[in-house]
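Student: If you want the building blocks of each chain, they are given just below.
Protein chains: 2
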Amino acid sequence: MASMEFWFEYGSTYSYLSVARIGRMAQRAGVEVAWRPFLLTPILSALGMPKGPFLTNPAKMAYMWRDLERRAAWHGIPFRKPSHYPPDTLLTARIGMVGCQDGWCREFTERTFALHWTEDRPIGSDGNLGTVMRDMRLEPAEILARAQGDEIKAALRAQTERARTLGIFGSPTFVVEGELYWGDDRLKEAMERACTSEFVPPDVDLLFEI
Amino acid sequence: MASMEFWFEYGSTYSYLSVARIGRMAQRAGVEVAWRPFLLTPILSALGMPKGPFLTNPAKMAYMWRDLERRAAWHGIPFRKPSHYPPDTLLTARIGMVGCQDGWCREFTERTFALHWTEDRPIGSDGNLGTVMRDMRLEPAEILARAQGDEIKAALRAQTERARTLGIFGSPTFVVEGELYWGDDRLKEAMERACTSEFVPPDVDLLFEI
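Residue numbers (our numbering), protein chains in the order written: chain A, 2 to 211; chain B, 2 to 211.
It is possible that some hints are incorrect.
[As the list claims (entries may be wrong)] Across the chosen pairs, the derived CB separations fall in these ranges:
no., chain 1, residue 1, chain 2, residue 2, range
1, B, G179, A, Q102, 44 to 52 Å
2, B, R67, A, D151, 35 to 43 Å
3, B, M2, A, G131, 50 to 58 Å
4, A, D151, B, Y86, 39 to 47 Å
5, B, L91, A, Q102, 51 to 59 Å
6, B, H85, A, D121, 30 to 38 Å
7, A, D127, B, P79, 53 to 61 Å
8, B, E180, A, S84, 50 to 58 Å
9, A, P51, B, R67, 39 to 47 Å
For the record, the hints were derived by calculation from the structure and aren't laboratory data.
Keep in mind it's a predicted model, so treat the numbers as computed, not measured.
Built from N, CA and C at the ideal position, the CB exists for glycine as well.
Using the sequences provided together with the hints, build the complete structure.
Tutor: Given below as structure tokens:
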């Protein structure tokens, strides 16, 4: 089956545009997506950019909010500018890793991003995580215990190290047959590559309308 | 008439993709383009990034070269990875400003980028500038004297300051009715905005095939 890896950081703004689209696009395209949460801050810190590309660049930050709003409208994705930036994403990423083990990372990630980006309930906050776990009928006490246990902590560290080894320096990044595609702007190109690497669907363009 | 400003730095790699496309796209779309050379380094230096986004980030740099090659192929643009990065662009930008005064900035810019990106004759080198001026039947001694005169130096400084004031932090940037679009990935969106702000051509999509 055609497949791709979807590497993402929960605090990445542009990653919302991909999280909101990739699941449905991939289903239509017949592409299997491996969801790969990781932490971007350790990678950027090692490059001397602990605050990422926006907080130190007010012009770029202002542009980013406007551009996100335009791109969300372009794709037909609900958008409400969050009050908080950046969110604290460590616990959310650890829960995402639990989801990878249990097979619900996609649903958890779509829901936690949606609350952040449409209802201003910040990723990582109790109001966000509590609601998502309740709606998914997960047992919070059990999930939180596992998320904060040594096994998941080590797994997230290893996953972040693997991202760095692959050459990943930003979120979202799509990996198809070892080829990196960085940024929501490359989602379509990456999906086409994943499709054509094994088969060409009847009308590729139709697959990318959501 | 529909119009846009095209702000670019001669040393910007992704700007090649826009320089190679925007003239023809705009002609087909009936959009007038104001070519606006500026210097990105002073703007990034003021933000504490004198080396730009790539030289300090090896993973991003490696990705950039691969991505450029893919995007050029995607757009059908000739591409040969230059040996030198980054080029010294000060003199070229000053000549570009002379071209803005005289009405040949577009042709000069297309030619100087083309030599850099298809024949590995670096922007700013004698082999590049000499060839371009000869092919355009410009008088090198006169052009160089004007380019290095006080009037053009001041004009380029003022243009760079205007870029900063507009909120520009990267190249290429397209400005349509005060709205910024950063990056070659936004050229189509900016052109559509320029079109629809005054009229809608018969089939917009056809305009963007080069």
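Student: Please go over all the hints and tell whether each is borne out by the structure.
Tutor: Against the structure, the hints:
At about 49 Å, the CB distance of G179(B) to Q102(A) agrees with the hint of 44 to 52 Å. Distance hint for R67(B) and D151(A): a CB-CB separation of about 37 Å, consistent with the stated range 35 to 43 Å. Between M2(B) and G131(A) the C-beta distance comes to about 56 Å, which sits within the given range of 50 to 58 Å. For the pair D151(A) and Y86(B), the supplied restraint of 39 to 47 Å holds, since their beta-carbon distance comes to about 44 Å.
For the pair L91(B) and Q102(A), the beta carbons lie near 55 Å from each other, so the given range of 51 to 59 Å is met. For the pair H85(B) and D121(A), the beta carbons lie near 48 Å from each other, so the given range of 30 to 38 Å is not met. Between D127(A) and P79(B) the Cβ separation comes to about 55 Å, which falls inside the hinted range of 53 to 61 Å. For the pair E180(B) and S84(A), the beta carbons lie near 24 Å from each other, so the given range of 50 to 58 Å is not met.
Between P51(A) and R67(B) the Cβ separation comes to about 26 Å, which falls outside the hinted range of 39 to 47 Å.
Going down the numbered hints, you'll see the structure goes against 6, 8, 9, while the others check out.
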